[in-house]
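> So the chains spell out like this:
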Amino acid sequence: MESNRTFLTQLQILTKRLLLRVIRRPLAELPNIFISAFFLFVYDGALGGVFGGSAQGTPFDFANGNFVNFILPVSIVSASVSGGASGIYLVEDIESGVFKRYQSMPISKWAIILAPMLVGALRVLLQAGLIMVIGKIIGADPAVGAVGYFMVLSIAFLWGMGFAGYSVAAGVRSGSSQGAQAASFLFFPALFLAPTFVPREALRGWLATASAYNPTTYVIEAMRAIMVDGWINDIIFKGFIAAGSFAALTLTFAVLSARKATEKA
Amino acid sequence: MLAVDVKNIKKTFTSKQDTVEAVKDVSFQVKQGEIFGLLGPNGAGKSTTILMLTTLLSITDGKASILGIDVETQEKQVREKIGVALQDTGIDNLLTSKELFFTTCRLWGYNKSDSEKRTEELLELVGLTEAADRRVKTYSGGMKRRLDLGLSLVHSPEILFLDEPTTGLDPGSRRVLWDEIKRLRDTGVTVILTTQYLEEADELADRIAIIDEGLVVAEGTSDELKASIGGDVITFLFETEEDIIKAQQVLTDSVQEKMELRITVEDGASKIPGYLKELTSAGIEVSSVSASKPTLDDVFLEVTGYRLEGSEEPVEETPTSTRGR
Ligand SMILES: Nc1ncnc2c1ncn2[C@@H]1O[C@H](COP(=O)(O)OP(=O)(O)O)[C@@H](O)[C@H]1O
Ligand SMILES: [Mg+2]
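Those sequence lines, one after another, are chains B and Y. Residues 2 to 266 in my numbering are what the first sequence spells out, letter by letter. Residues 1378 to 1702 in my numbering are what the second sequence spells out, letter by letter.
Possibly wrong hints are sitting among the right ones.
Reference excerpt, derived from the structure (chain Y facing chain B, CB under 10 angstroms, subset only) [said to hold, decoys possible]: (1) T1450; (2) Q1454; (3) I1459; (4) Q1464; (5) L1472; (6) E1476; (7) V1531; (8) S1533; (9) I1622; (10) Q1626.
Capping the alpha-carbon separation at 20 angstroms, the derived lysine to aspartate or glutamate pairs in DMTMM-like fashion look like this [unchecked claim]: (11) B:K265 / Y:E1493; (12) B:K265 / Y:D1465; (13) Y:K1521 / B:E96; (14) B:K17 / Y:E1493; (15) Y:K1387 / B:E96; (16) B:K265 / Y:E1557; (17) B:K261 / Y:E1601; (18) B:K265 / Y:E1476; (19) B:K101 / Y:E1476; (20) B:K101 / Y:E1493; (21) B:K265 / Y:D1447; (22) Y:K1453 / B:E264; (23) B:K110 / Y:E1452; (24) B:K265 / Y:E1452; (25) B:K101 / Y:D1465; (26) Y:K1408 / Y:E1535; (27) B:K101 / Y:E1452; (28) B:K101 / Y:D1395.
Hints listed in this document are in silico derivations from the structure and should not be mistaken for laboratory results. All C-beta atoms, glycine included, are put in the ideal place defined by N, C-alpha and C.
Put together the whole structure using the sequences plus the hints.
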């Protein structure tokens, strides 16, 4: 009991410290949030005219008359990549020697590893939340009602934790911030090997095949169901499963890697 | 009880390519309340030794204990007793030193108001009160070292490990740290420090172990080490190479360094006239001669067979060793 409390206190202190670091570097938050917002505006601007309200009554009315609803999930998935910062935070501390200092103190090693993940998670929630606010302002309106925002945010959170886990594992294993940053390179092809601009039925050939194996597909489809179509439970469920499995997988990988990294040589 | 008791510790790093015996056989004992200096060149095994004693590296062979607590089996208890400032200072450049002290106090288990109090105390102690609200990024090398020292003192450790605390600092900043370390010793803290500087070991350490290629090759107080050479050093300075060559016939046990010849003899001052007479009668011109007590430099040469080079001028930023992560 006592040691649980110590653990939580340590986690809280270490998390606060990392948040302070984030606040000291506000510009580091900009690129990802900017790209995500940019996607939203550009795609809505370029495609919203054709596939939005004017597509009603045609076979191309997959956005149900509101293209912002349809494209918002793409921006949110992009925003959730910000979870990949977790690994960078951790590797920065390894590189600066702060990690070693903590190891020489009687601090739980799990608190040291978990703190950057928590900050990554917070980052995902804030960035995805901000994109949603922008989406709402330019006309998003979830088909399932306001609870839809909460559900989309939950999926984004799981998805973002997946990136957090991946970046922590990659960072700890490579011992360099480049290794941790590789998490975002993985993301870009994944975002576009998916029904990014049109529903999956409209994809052809190899892209149709690739997207079927890409978990991003199921995450986007679940968010779209919530935003565009309403309670299509099996699709929504699949999205939660895809994002949840990704998170579980990479977090396990992260824990295993971290255990190895904190072992004494 | 001994502050630190190290018995034949050894560290072997094994990788796919090769094995490195970073520490071959190191033993020493540190009494409570003394400053103990591990003196040796780059690559001697100083940092590896410190990392083993501070629970950050496993010990391949041998035994070590801190205040009677076994380093290998009772990590957590050891960590509570020791303060550590590693060679690569673990400092967060984006925060201020006040924030760093506060965070570290909290991590050591102080509550918020005690942490605030302790932060003020430590800032004062290491002379950073003025700079407390500035980001560490703007600090000089000396300030960072003092901050690092302060951070290792948060929990008032009984034993303090400092790995090359003054490497790369200018003489002024180095002196400030020396005074700091001596003050700590005077309050009862035991200090184990490593250094590449003869002068630092001489000035600061109550006892010294010279470490070379993973082995302790000499140990004692600075005076004991100097006395172990047995006698005084007489230095003869010559004008020409020719004279040196001829003089070497007369001074058979001498060691040459540039235009000088040195010999170590008992009671050097009284023997100078005799040597001078011999040299003059052999037609050799001596431009100056002096007798002195041996220095730590002479001791180092004697036990390792080479001089600790470049130890007097401030060295460039220490290269971070290629430590596997
Ligand atoms: N993690 C490591 N893996 C392999 N070799 C190492 C490692 N750490 C240190 N060494 C080697 O061990 C020797 C001693 O290093 P070190 O203890 O850092 O010396 P010092 O601190 O006296 O300069 C060096 O040859 C160094 O290259
Ligand atoms: Mg070293």
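> Going through the earlier hints one by one, which of them does the structure break, listed in rising order?
1, 8, 9, 10, 11, 15, 16, 17, 18, 20 and 28
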